[in-house]
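Start from the sequences, fold in the hints, and give me the full structure.
Chain by chain, the residues run as shown.
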Amino acid sequence: MNVLHSLLRGKERKNNLILMLLALSIFIAMTILSPRAFLRPANLKGMAVQFPEFGILSFGMMIAMISGGIDLSLVGIANLSSIVAAVIMLQMGDSVLSIVLGILGALAIGAACGVFNGFLIGYLKIPAMLVTLCGLQLYSGLGLAITKGPAITGLPERYGEIANGSLIAGIPNPVFVFLAVAIAVGYLMRSTVYGSHVSFMGTNEVAAKYSGINNLKVTIYTYLISGLMGSIGGILISSHYNSAKSDYGKSYTLLTLLIVVLGGTDPSGGKGNILGVSLAVIVLQMISSAFNILRINSFVKTFVWGLILIAIMLISKLIDRKERR
Amino acid sequence: MRSNIAKLATTNEAIVAYTIVALSMAIGIINPAFREFSTVITLSRAMLITLIFAVLQMMVIVSGGIDVSFPAIACFSSYATLRLMLSFDIDSVFFFYAVAGLMGVCFGLGNAFLIAKMELPALIATLGVSSVANGATLAFLGTREYSNIPEGVDQLSRSFLFSFTNSGGITFQMTSLILIPLILLVLAYLLLHHTMLGRGIYAIGGDRFAARIAGFNVIRIQFFIYMVAGFLASVGGVTFTILMRQGSPQNLMGSEMMVIAAVVVGGTRITGGHGTVFGTLLGVLLIAIVQNNLIMVGVPTHFQSFVVGLIIVLGTGITSIRAKRVANSSKV
Chain W
1 MNVLHSLLRG
11 KERKNNLILM
21 LLALSIFIAM
31 TILSPRAFLR
41 PANLKGMAVQ
51 FPEFGILSFG
61 MMIAMISGGI
71 DLSLVGIANL
81 SSIVAAVIML
91 QMGDSVLSIV
101 LGILGALAIG
111 AACGVFNGFL
121 IGYLKIPAML
131 VTLCGLQLYS
141 GLGLAITKGP
151 AITGLPERYG
161 EIANGSLIAG
171 IPNPVFVFLA
181 VAIAVGYLMR
191 STVYGSHVSF
201 MGTNEVAAKY
211 SGINNLKVTI
221 YTYLISGLMG
231 SIGGILISSH
241 YNSAKSDYGK
251 SYTLLTLLIV
261 VLGGTDPSGG
271 KGNILGVSLA
281 VIVLQMISSA
291 FNILRINSFV
301 KTFVWGLILI
311 AIMLISKLID
321 RKERR
Chain S
1001 MRSNIAKLAT
1011 TNEAIVAYTI
1021 VALSMAIGII
1031 NPAFREFSTV
1041 ITLSRAMLIT
1051 LIFAVLQMMV
1061 IVSGGIDVSF
1071 PAIACFSSYA
1081 TLRLMLSFDI
1091 DSVFFFYAVA
1101 GLMGVCFGLG
1111 NAFLIAKMEL
1121 PALIATLGVS
1131 SVANGATLAF
1141 LGTREYSNIP
1151 EGVDQLSRSF
1161 LFSFTNSGGI
1171 TFQMTSLILI
1181 PLILLVLAYL
1191 LLHHTMLGRG
1201 IYAIGGDRFA
1211 ARIAGFNVIR
1221 IQFFIYMVAG
1231 FLASVGGVTF
1241 TILMRQGSPQ
1251 NLMGSEMMVI
1261 AAVVVGGTRI
1271 TGGHGTVFGT
1281 LLGVLLIAIV
1291 QNNLIMVGVP
1301 THFQSFVVGL
1311 IIVLGTGITS
1321 IRAKRVANSS
1331 KV
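Note that the protein sequences, when read in sequence, are chains W and S. Everything in the first sequence is counted per our numbering, starting at 1 for the first residue and increasing by one. Everything in the second sequence is counted per our numbering, starting at 1001 for the first residue and increasing by one.
Keep in mind that a hint or two might mislead.
[What the hints assert, rightly or not] Quick list of in silico lysine-lysine cross-link-like pairs, DSSO-like style, CA-CA up to 30 Å:
hint, chain 1, residue 1, chain 2, residue 2
1, W, K209, W, K250
2, W, K317, W, K209
3, S, K1324, W, K217
4, S, K1324, W, K125
5, W, K45, W, K250
6, W, K209, W, K45
7, W, K125, W, K217
8, S, K1117, W, K317
9, S, K1117, W, K125
10, W, K14, W, K301
11, W, K317, W, K250
12, W, K317, W, K271
13, W, K209, W, K148
14, W, K217, W, K271
15, W, K271, S, K1324
16, S, K1117, W, K271
17, W, K14, W, K317
18, W, K14, S, K1117
19, S, K1117, W, K148
20, W, K301, S, K1117
21, W, K250, W, K271
22, W, K317, W, K301
23, W, K14, W, K125
24, W, K125, W, K317
25, W, K271, W, K322
26, S, K1324, W, K322
27, W, K301, W, K271
28, W, K250, W, K148
29, W, K14, W, K322
30, W, K250, W, K125
[Claimed, not checked] Computed, partial: chain W to chain S, Cβ under 7 Å:
hint, residue
31, L130
32, L138
33, G141
34, L144
35, A145
36, K148
37, G149
38, I293
39, N297
40, I310
By construction, these hints were calculated from the structure, which means they are not laboratory data. Just so it is clear, CB atoms sit at the ideal spot from N, CA and C, and this is done for glycine as well.
Here you go:
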């Protein structure tokens, strides 16, 4: 209980409590509305495989947003790195070594794309929004150039096991990947020098510069980490489908933005917490599968995502204004 | 005088123009087919819709914002109006543009409320509106594509300014619809450079607070900008429907990237306050040449997306290196 208290502090606490209640009430509502469909193991398992994919991408978006930027290229990085991993694995054949090399290759690509983003943003001072929007085009384009259009299939069976298998107690592996990444990012943001530098820079770039923070370095690190998140997300996505393609997960860009804002991250930079974002991931996954179970047209989902995004932004703005008075 | 010429020769527009000339020469040498007059006609057709969107995006970016909702607004309003016309047997070009335009203005009003009144970041607000409009189109209006455009409206797609027959005997016709973006370019030029409102758009893009102190009504100008943007988005959507002779609920989705790229390559600064109509025209031309002629020089289609991305990155990189040099240079 004490741990919980320390995790939920200050202003974050209210937002996170609301998110928890929201998740709980959706869960209860769905259990009452259609217990058989919602509590079915297949549904729960489907949810557990899916939410880590966009959840980890959301962490990347969160870090970029805390630094005062944004990362719209995450989906592009995810697809490019999974395509590179697929190419490596197909070249090396079916062995553990080839899978490991594939994953390392994917991470390297994610890091490289991230450093490229960070360099353009931090050194050339091009706005993050523009850089990463271009990046999305560039990385997806490179992916398309490699695959020539169709998905790369025929990946090792064991690679598919990463997302679809389960090592412990029947819980799908991606959940553990998600938890590990969440803890790592949480530690990074909360307990390291880098973490506080990022939020200082996001709050006031000029002040950060004059208090001796190397903004360029922090920016490059930030996008490097968010690039890594992109490639981890990409590995999970490609392992889930056991194939790699340049346009998987197209809807994730909007979704991650929505999650991050819903999770209490300030779009103008400086503030954000890992617990809030994780809770928002869970809330959105529940809404998503509630939609599926109630057989609501998937386009309605796009519509509702947009409405929720606008509503959340409006509400937090209004609360902000009221508090300032 | 000499320094004026030197200045003129190194403006952003000039650099884009050099690139266009160099690229055209290279393509012309590799593939003689490019050197024909028909290229002008095919390029005009390819640029038509992008130009309409680029004009609106340029004005929004100059004012310090960004609008990624225009493809969704264009699709929603043109598709909804087309369905209205089909079910009530209305056959009027004016009705098509007017009703769709009105819907566009309404969406623009929504954008303006979120951005000007509620002070939400423009990107996130318009992304939300885009998602709402796109979702609404597909979920409530349907996913069917209509190719039975009312006869009177359809006739517009078959009216041509002039035609040209090349040496191979193929006839190319310049569609009259090209007049729409041309008129818009002139209007945008007049608005931005010869009215107080236009100067206000530059002013709020340069510095909101300074503009307010200088006596500009920032919120009213922002409302104007986003409503015009919504209107122009619908004009683009309707024109696209007529040009393609097909009403589609999401054909235009995903075009925002290319339009923003064209505007930025044309020298409009993404942070606001700077940008010209002529530069935007050149930016759209450059992107259109690249997109349409990579195949002519033997670049396979699946490389296109990457090459376009690369050009955008280089274009924005060069612009900001120049901006950085200006900022670092000694000010006298």
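Are there hints from earlier that the structure breaks, and if so, what are their numbers? Of the numbered hints, 1, 6, 13, 19, 23, 26, 38 do not hold.
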